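Visitor: So the chains spell out like this:
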Amino acid sequence: MSSSTSLFTRICAGLSKACLILAVIGLIAIILAVQSQVFGRYVLNDTPTWAEALSMLLILYVTAFGVAVGVRDAGHIGLESLVVLLPESLRLKIEILIHVCVGVFGAFMVQSGYMWTTLKWTDIKPMLNVPSGMDYLPLVIAGALIVLFSIEHIIALLQGKEVEPAWN
Amino acid sequence: MELTVLTLSFIFFLLIGVPVAFSIGLSSICTIIAAGLPVAVVFQKMVGGMQVFSFLAIPFFIFAGELMLYGGIADRIVKFANSMVGHVRGGLGMSNVLGCTLFGGVAGSPLADVSAMGSVMIPMMKREGYDADYAVNVTTHAALVGALMPTSHNIIIYTLATAGLAAVSVFDMILGALVPALILTVANLIAAYYVAVKRGYKTHGVFPGWGVVISTFLGALPGLAVIFIILGGILSGVFTATESAATAVFWALLVTIFVYRSLSWENFLKACAKACKTTGVVLLLIGISSAFGYFLALYDVPEKAGAFMQSITSSPWVVFLMINIILFLLGTFLDMAATILICTPIFLPIAMQYGMNPTQFGIMMLINCALGLNTPPVGTTQFVGCAIGEISVGQVMKSILPFYGALTATMLLVTYVPAFSLWLPETMKSVLN
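In the order they appear, the protein sequences are chains A and B.
Read left to right, the first sequence gives residues 1 to 168 (the numbering used here).
Read left to right, the second sequence gives residues 1 to 433 (the numbering used here).
These are calculated hints, taken from the structure and not from any lab test.
Because the structure is a prediction, the values reported are computed rather than measured.
Using N, Cα and C, we set each Cβ at its ideal position, and we do this for glycine too.
Be aware that one or more of the hints could be misleading.
Claimed, not checked - Incomplete in silico selection of chain A near chain B, CB under 7 Å:
1. Val34
2. Gly66
3. Glu88
4. Ser112
5. Ser132
6. Gly133
Input sequences plus hints: build the corresponding full structure.
Guide: Right, dumping it as structure tokens:
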């Protein structure tokens, strides 16, 4: 194992763990926001207007992190039955192709996400007073991480190794 | 031309093994490039498809299900089910069906149900002399009821998939699925009993008495209460579906940490991490499917599919049967959420044109997709069940027919008798108004 790849793997693993922790914090925050809506309505007689808007924004970030970690931990479900029937050498090529496809989609996410984020950055979301572009920023984050993790998978495949989930 | 690109590229990506959500995304990108439109439209549709408040119920239900999975409620449900029906012939098989149904109500997911109940019940059944294939089949089929229970995130996915096609409320779907869930449980009990008699499984022990039944019920009650929180919240109008799902998470935490004291910090983190990963997978699928659905509508796919079916037959019975067969075939390859999201925009308009109520269609689809979870080549719950039972899919297929029969019978009842899925929501609406 060359030290440069192992550093790359360590960086990816660290990022993946950080993403998952952020996603967990985000999910718990969403639950608290939705609960505060119920609490506000029945106990304080004052429904917080930010709660729904905040949870709708946060879920986009939780999804982005979850999607990225899913790519690294091979959590996304696809058809494997046909690929396993192929001879070993061809199977490796197809598996690399799969990761290239996923990575290409990630690259499109970054490109389109960046465009929308900058385009909508001057619009302000009414309930939260934050730029509307923040709705599209998760596309950039998720896309970049997907590209990174796809590259990690391709390198691992070429070296005959497997990518281990970083956390839980 | 664009439709050909959409179909062929989707099939290509799917066949080489690109994950479903990415296959949908990439084929949408290919299509939009072929149509000469900016790619950014795909991602705008994707983010737009995720901006629905009821959408949040999905991660909540997934999270609550994970907490319940790690939180030790499965054992208590097993004890309760055993005290009720453990003494009849094929007793553990019957308890298994009952237990899976109850846990399915708590977790709302066939997969969580098989993992939780299967890991308790399948080894127990094998120790008591039941064949492994029977133990696995009972568990995997009974667990499918989870997809129809009030905590099922697939119900929410279906209501999201119908956006713009029909007015389907979460209220209608949750109540509408209850009677079919009950029928499915009864059908599973009959199948489990039939196989037990045929194989000559002996009876074990005697009825422990109502005292034991009540005490084991009280033990399981705090966990089971989640079902009542959701039903009660939605029926009374105190909570929206999303809020009651968030309350279910709170309740799951309270019960597993303070009442059962069975949730360790490690397992809590594991449940959180698993919930976030699953959330990412499912929500990406939903988001990207709204881009896909946009193209399906743009290129008149429902109309074309409908015209094609009309050229074969004009009988609603045959059309519904054809839809069921197509759903089943797709469901054997695709995950439940993917099948729902891809097929609803195509087949719901056709079914409605032939007079099927959209709520009824949704429940039929849920049962149909559930059948696919137990069918090779890609049977997710079947895989998990076989792994726990330590047998191959081939061995399980030997005794699967009675259970398939039970499920198919339930599905046909829901398909052809609207009252099974529509009576309860309509009655409750008239009572509440």
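Visitor: The structure should be examined with respect to each hint, and the outcome stated for every one.
Guide: Comparing the hints with the structure gives:
Interface hint at A/Val34: satisfied, since its Cβ lies 4 Å from the closest Cβ of chain B, which is below the 7 Å cut-off. Residue-level restraint check for A/Gly66 holds (minimum Cβ-Cβ distance to chain B is 2 Å; threshold 7 Å). At its closest, the beta carbon of A/Glu88 sits 15 Å from a beta carbon of chain B; the interface hint therefore is violated under the 7 Å criterion. With a cut of 7 Å, the hint placing A/Ser112 at the interface with chain B holds, because the nearest CB-to-CB distance is about 4 Å.
With 7 Å as the threshold, the beta carbon of A/Ser132 stays out of range of chain B, its nearest partner Cβ sitting at about 11 Å, so the hint is violated. Hint status for A/Gly133: violated, given a least beta-carbon distance of 11 Å to chain B, over 7 Å.
Violation of the numbered hints given earlier is confined to hints 3, 5 and 6; the remaining hints are satisfied by the structure.
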